[in-house]
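Asker: Could you fit the two chains together into a complex? Lean on the hints.
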Amino acid sequence: MKRKAVLLAALLALSPAWAEEADWGFDVSAYEKKPFEWTGFVELRPEHQWLDRDTAGYRLQYPGESRTSAERMSAAAELSGVLRHRSLSFNFTGHASWIDEPRGSDHDRRMYEAYGGWQIDDRSNLELGKRALRWGKGYAWSPVAFLERPKDPTDPELAREGFVMATGAFVRSFDGPLQTVALTAAVVPTTSGLNPEFGPEGHANPAVKLYGLILDTDVDLIWAGQGSRGPRVGIDFSRNLGSNVEIHGEWARITDARRAVLTADNRLAMEARSYTSALLGLRYLTERDTTLIFELYRNGGGYSKDELAAFYDLVGASAANPVLTSLTAHAAAQGYNRPNAARRYAYLRISQKEPFDLLDFTPALTLITNTDDHSWSLIPEALYTGITNLELRLRLALNRGDRSTEYGEKLVRSRLELRGRYFF
Amino acid sequence: MKILTVLLGLLVAAPAFAVDGTALLQKVDRNLEPESYEMYRKLINIEPDGSRKEFVLYSVKKGRDQLVALFLDPPSERDRATLRLGENMWLYIPSVGKPIRITSLQSVIGGVFNNADILRLDYSTEYAVEEVSETADSYLLSLKAKTDDVAYDRLKMTVDKQTELPTVIGCYAASGLLIKTLTYKDIKDFGDGITRPATLETDSPLYKGYKSVMLYGQIRARAVPDEVFTLEYLPRVKELR
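Protein chains in written order, with full-length UniProt numbering: chain A, 1 to 424; chain B, 1 to 241.
Check before you lean on any hint, since a few could be wrong.
Stated by the list, open to error - Distance condition first, Cα-Cα at most 27 Å in a straight line; then the derived DSS-like pairs of lysine-lysine: (1) K130(A) x K98(B); (2) K208(B) x K353(A); (3) K53(B) x K185(B); (4) K34(A) x K98(B); (5) K353(A) x K98(B); (6) K33(A) x K238(B); (7) K62(B) x K146(B); (8) K98(B) x K62(B); (9) K238(B) x K34(A); (10) K33(A) x K130(A); (11) K156(B) x K211(B); (12) K34(A) x K62(B); (13) K33(A) x K53(B); (14) K238(B) x K130(A); (15) K156(B) x K62(B); (16) K53(B) x K34(A); (17) K353(A) x K211(B); (18) K188(B) x K33(A); (19) K33(A) x K62(B); (20) K53(B) x K353(A); (21) K185(B) x K156(B); (22) K98(B) x K33(A).
By construction, these hints were calculated from the structure, which means they are not laboratory data.
Just chain B, same shape as in the assembly (with noise of 0.2 Å):
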């Protein structure tokens, strides 16, 4: 009978613990954007005096990990594109003429954004689900890195429950260094049933002072060739658009 309580007990708070943490991920990416699709952003540097640079980009995202993005302002860095197969990035510069193995850590354009922000790929595709917790209106997601070659170790992800979308993401080194923080922000109906923060922030006990924001102009769903996720093709993104 004691057995049968606790049993009975067990299944009654069940529901608390029902959330399968992978699926709610793979909800969120898609919540996100489409999984093949083409995004105009201009990215914003905002530093400790108050000054700005700004960057405007155009990128091409296709399955689990193939991404290019490419430069279109200002014009020091106009034509510059960066590739993503996976975890192999490259940078192509139009004066160079090649394009140049970079690291996922590295920061093409200075701020507190690198590589793996701008070129960034499904969360589900980098992390798994190690535990969920939830409060009223959100779960509270830890993430793990699946390889030793994603930038950020460890994410806490908040997801807003009414919406399934991150509304706060904490990136961790392995050490548990807080890396930075993004906040998700204004929610904006982008057309083709995608509804979601047109504003990504962030900041980072690392660059103290220091702010970076993302802002989406255009996200809609894009299918393109393979072959637009070469290095033959690199220099010839901008004909993409």
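Excised from the complex, chain A in its bound form (with noise of 0.2 Å):
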């Protein structure tokens, strides 16, 4: 009896499969709804950049210096919460940033999102406050979002500022083709203190989006009324074409949209036009779990091949005539050098889970290609998650092209970056 007991002690601990299942609980009591909850995270990033001194970039960054490197060091926290009352609630997310690098230290604060809902029936709701409306199917670009500041195609899934403004909200489902049908309308007012970044003061802002599920298939249309911006048009579609393939697009029009141009004479104006923008992709999963997310974008709104150019050119004139360096940076500031001034652009992100038995481990890489020029940015990236609540992420950017192409005129010929990120 004895020995039985033995051989039966032994035979367990030697079993983990035992020893796993031994402690499997699930407490369901302790994810209960609660009337504050709050989520977040903090992050360190060191990075280090190789960099071009003969690129519009570095002279619009580095004027009369002489560095082949830096070293930036920058750190963020983001706190998001929900407080609920019945079928009100106040939700926000905080951001805080500090950095530094060789032209300092700086560090910002500021409110992503803060609004109050009232959730009025399971059809409607109103919302009032600051709030960061996503709009469009694309991943890297969305053309038709009319309401929210650009997102950074290097890294889609960061969150961003919303502006302040008020939306309702109405949605229906039927039986048949159509399944869904959703309306939402927004104003996002401009006043001297309010929403400065939008544009001119003194406007509501109107903008309504009518969404619908079709034959299993979304189908947006927006508009956005005429204020601080002229108004705009557009519609998007994302569809399943089978259990691993998706594909989506937008098309968006905008009318008298303002734009800084430099003339020949070397004067920056601002003129009005009108545009089309569109974007086609689709996102395909192999047997093997690769996913490939390619894009292709056409900016409307954006800088052409020889616009850019005679603006990189009129740089490298200002650092032999500093008289030009007031206008180089007027004209930076004012579009020229924002992220994908160009026209025509190409995207693709290939992401492998777990290659080769690697666990937690995603490497990615992403290339984006600036089609008129032929200069591109490239990004491999490894991921690791392994680490309950902390997320790891190694990343290299390569920026290369010919001199006076978007690509090959970036300050930062090569960066490295680590990113950590504790989640709690």
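Answerer: In structure tokens:
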């Protein structure tokens, strides 16, 4: 009997499966809804940059200096929460950041979102406050995102700051080919202290989005009225073609958009023009768990290859002629130096889940190409999530291209960055 | 006389083939969950080195093909929500701020479970019964996907005769390749007449050494409006709890 007990104890001790199952516990009461819930993260991001001194980006950032590399260290914290009372709620996301770089240290803190919501009934709700609306189906870009700040295609899933607005939404579900209809209306008022980044003050900036799920296809019709920006209309769609393929697209017509343009006599003029932007993309999952995201983007409001080359030439000339320095800095701030300022781009992201049995490890490769001037940015990265609540991402970014091309004129030729993010 | 003998023989043998596979599969579905319900589950991914990752999910299902699931834990996944309407699936990530269409074969959380397992509809909604055989204590149902959009082309489901609950399900690709095996265990009384397995384990020859476990913590019948299963509602699913 004693021998049997010893044998049984030894077997149990040697059995990892038993050990695993022994402490499988699940206390559901720990997950009941509470009046106040919050979550967030803190992150640290050291970065080394290899600089190209012969580029427009360098001359704008480090005029007169002879630096070949730069170290940056940044930290950020984000806190999101919701406070509830019956059908009322208050939601917020606060973001604080600090950066130390060769030109000095800086810090910033702001509310990305802070709005109250009233769920009137199951079909309708009202929201008031600072809100980050996200319209469109594109992953890297969204031409129909009329009420939001532009996203960073090198990191499209980052949270972004919203605008102060009032929104109302109504949704209905049906049986049949038309499964869902949702109508969202928004106003984004601009006054002296409200939404200054949206555009000139004194406008209500109304917008409406009509969504339908028709024949298993998502379709949005979007309208934004004349206001701080010109009138805009857009349409987008998304559909699964099978259990591993999805396609999506967007089209937008923008009227009377204002754009800063350098003239032949070296002035910066504001011109109003109408243009069309479009995006077509797909997401494909292979049998080996490789995910491909591919998008083609036509940015109708962007600068042509010749317009950008003229700007880069002017920045080059400003090194020898300081009179031009303020003009180039102004042109850069007004649009020439913004991310993806050109007309046509292609985006490809390939990510592989846990290759070669490397646990919790997701390598990815992102390629963004300016298809007009054939310059490109290649971003290999590796994400490790093996430690609970900790995410580590190592990323290299390579910018390459001929002189007077978008990525060839970037300040940073190569960048190595490690991002550690702890969630709580 | 010979014909009469054959007919009599067939009548005697008939009970062995009289199992209505479709009705049995529908019964299995109802024994597992009410058609409309809310549910709390914990998913555990166990990796070859023994390390574990846990996720807690709250989900609500209505009717044949409307289902929404919300991640409650860990903090890095909190408030992510997935919606399924038939073969349409979307993922909502709070920082992205808008639902993104995903495919049923994609895995939101890694591990052996994919979206089709986590957002599973009734088996009888997605599969047709092709063949039923039986042993002394179980039925074996051979199931074929009704459309190409279903994650697994065929299922071989073993159903316990006494409880009319599944015990083991083999999931196969169209090529005949075994993709994974699902094993239901630990029968538990969840109240309101729901007595079903509280544990679902899965392993796959494609992920050698990996194992994923789903623990069912609470299942109860609940009816919610259709509008809950829309992209508009997805950011607010956490308010349903």
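Asker: Let me make sure I understand: some of the numbered hints might not hold for this structure. Which ones are they, in numerical order?
Answerer: Of the numbered hints given earlier, the structure breaks none, since each of them holds.
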